[in-house]
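Taken in order, these protein sequences are the chains called E and L.
Going by the UniProt record's numbering, the first residue of the first sequence is number 1, and it counts up by one from there.
Going by the UniProt record's numbering, the first residue of the second sequence is number 1, and it counts up by one from there.
It cannot be assumed that every hint is accurate.
What the hints assert, rightly or not - To give an idea of the chain L side of the interface with chain E (calculated C-beta under 10 Å), a few residues: (1) I67; (2) Q68; (3) I75; (4) I94; (5) E96; (6) I97; (7) K135; (8) H136; (9) H140; (10) D143; (11) M145; (12) W146; (13) F148; (14) F153; (15) S154; (16) G188.
Said to hold, decoys possible - From the derived model, a few chain E residues whose C-beta atoms are all more than 12 Å from chain L: (17) S15; (18) S28; (19) E104; (20) Y163; (21) S171; (22) G172; (23) K199; (24) D218.
Derived from the structure by calculation, the hints contain no laboratory data.
Here the structure is a predicted model, which means the values were calculated and not measured.
Where is the CB? At the ideal position from N, CA and C, for every residue including glycine.
2 protein chains.
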Amino acid sequence: MNQSENIITHYLKESYPFWNKLNSREQSLLISNSTMIRYEKDSFIYSRDEDCLGVFIVLEGQIRIYIQSEDSREITLFRLAPDEVCTLSASCLIQEITFDIQIEAEESSKILLSNTPAIRTLIDHNIYVENYIYKHTTEHFSDVMWAFGQILFSSFDKRLAAYLEDERIRSGSCVLKTTHEQIAKNLGSAREVVSRMLKYFEKEGIVLLSRGTITILDTRKLRSYL
Amino acid sequence: MNQSENIITHYLKESYPFWNKLNSREQSLLISNSTMIRYEKDSFIYSRDEDCLGVFIVLEGQIRIYIQSEDSREITLFRLAPDEVCTLSASCLIQEITFDIQIEAEESSKILLSNTPAIRTLIDHNIYVENYIYKHTTEHFSDVMWAFGQILFSSFDKRLAAYLEDERIRSGSCVLKTTHEQIAKNLGSAREVVSRMLKYFEKEGIVLLSRGTITILDTRKLRSYL
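If we strip away everything but chain E, and leave its shape as in the complex, we get (with noise of 0.2 Å):
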């Protein structure tokens, strides 16, 4: 094994619990279909229109799968962060998906992508590998149900101030470099009702809007909108 097959099936062995249950022969054909892919931010990563990308792990940045309307209204179902696995990306492999999803490098990301073919192979003579696709895919299930629940049942003020607070933990600061356009496009919602309730968080003395920031001043007053 070379330096970079080393590697790749550290990463295996790490993130899929069937790892042991493959025969040698598996273990081979895996680690010579999997390729460690660099997406640029901001890049297209699939469509299950266009092609079927198998199964990956991401190795840095973060990954955002959601779901697009036909006049191109977007929602988005869950992100990955490193280490986390996507099974969706190849749904293509599993009969019982028939949604369409997307998948974007929200930011500047690594994946160790195991290609189709060499996955089929694996479903259709392991039943281990079978199983851990279906497991996972549970597994978005409930990210998505959560997503939905969000979405249909929250009043709008409520998911702007609880969609704020993440990001706020998730980054760290206070200080959030995005546009009104990235959050409703994060929160299947319209621009310019989002910049309506940004404004009103404004007045409110909870934000303070400049162009491509938002910065959070009051976040106890932000917290009492969850």
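Given chain E, put chain L in place with the hints provided.
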């Protein structure tokens, strides 16, 4: 085997593809822990909060799976007809499932329920059973994505027209016995919104409204909204 056990065995064999992967002890366990249960129309079957039912096959009637907000708004996720299987009713067995769902009998219904302890034993000892449960749950995932797509991306006239057309096909009649309240419940909307749109459809000559009944007068015009 007595006659009831014969019937139960027949249904288990027909509906669960893992049947042939069970040894005779496991088959006996499943048979002796499966019961036919009848539910009156509109009776409540399951909430994840309250208990853990198990996995069931619908034998007669129609079952509705939905989510409910804190203020009791409901959104229908999907429905099950005879011969269909529900695994979300065993969500306590699926640790990846962290959301709550509700299940009710929309019509007088009969199900064949295999209880939680038996299913748990089978899952723990037989990978094919576990795999079936996750696989089937992934099918439910697709149903749910379809429902959310309808709710989030369709405009309301389109959604109401689709609903009426579906009901017409399902019931085989242009005379739908339903209330505005019931439609609102099914579409995750408010009664007022449904009434307003139905009145609009009435003005357009598409439907005729009377107490507890909606008569579809112009199917072609109704379909033009889809």
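Going through the hints against the structure:
no. : hint : result
1   : I67  : 7 Å, holds
2   : Q68  : 9 Å, holds
3   : I75  : 6 Å, holds
4   : I94  : 6 Å, holds
5   : E96  : 4 Å, holds
6   : I97  : 6 Å, holds
7   : K135 : 5 Å, holds
8   : H136 : 8 Å, holds
9   : H140 : 8 Å, holds
10  : D143 : 9 Å, holds
11  : M145 : 4 Å, holds
12  : W146 : 7 Å, holds
13  : F148 : 5 Å, holds
14  : F153 : 4 Å, holds
15  : S154 : 9 Å, holds
16  : G188 : 7 Å, holds
17  : S15  : 16 Å, holds
18  : S28  : 23 Å, holds
19  : E104 : 18 Å, holds
20  : Y163 : 17 Å, holds
21  : S171 : 25 Å, holds
22  : G172 : 26 Å, holds
23  : K199 : 25 Å, holds
24  : D218 : 26 Å, holds
Against the hints set out earlier in the document, no violation occurs for any number.
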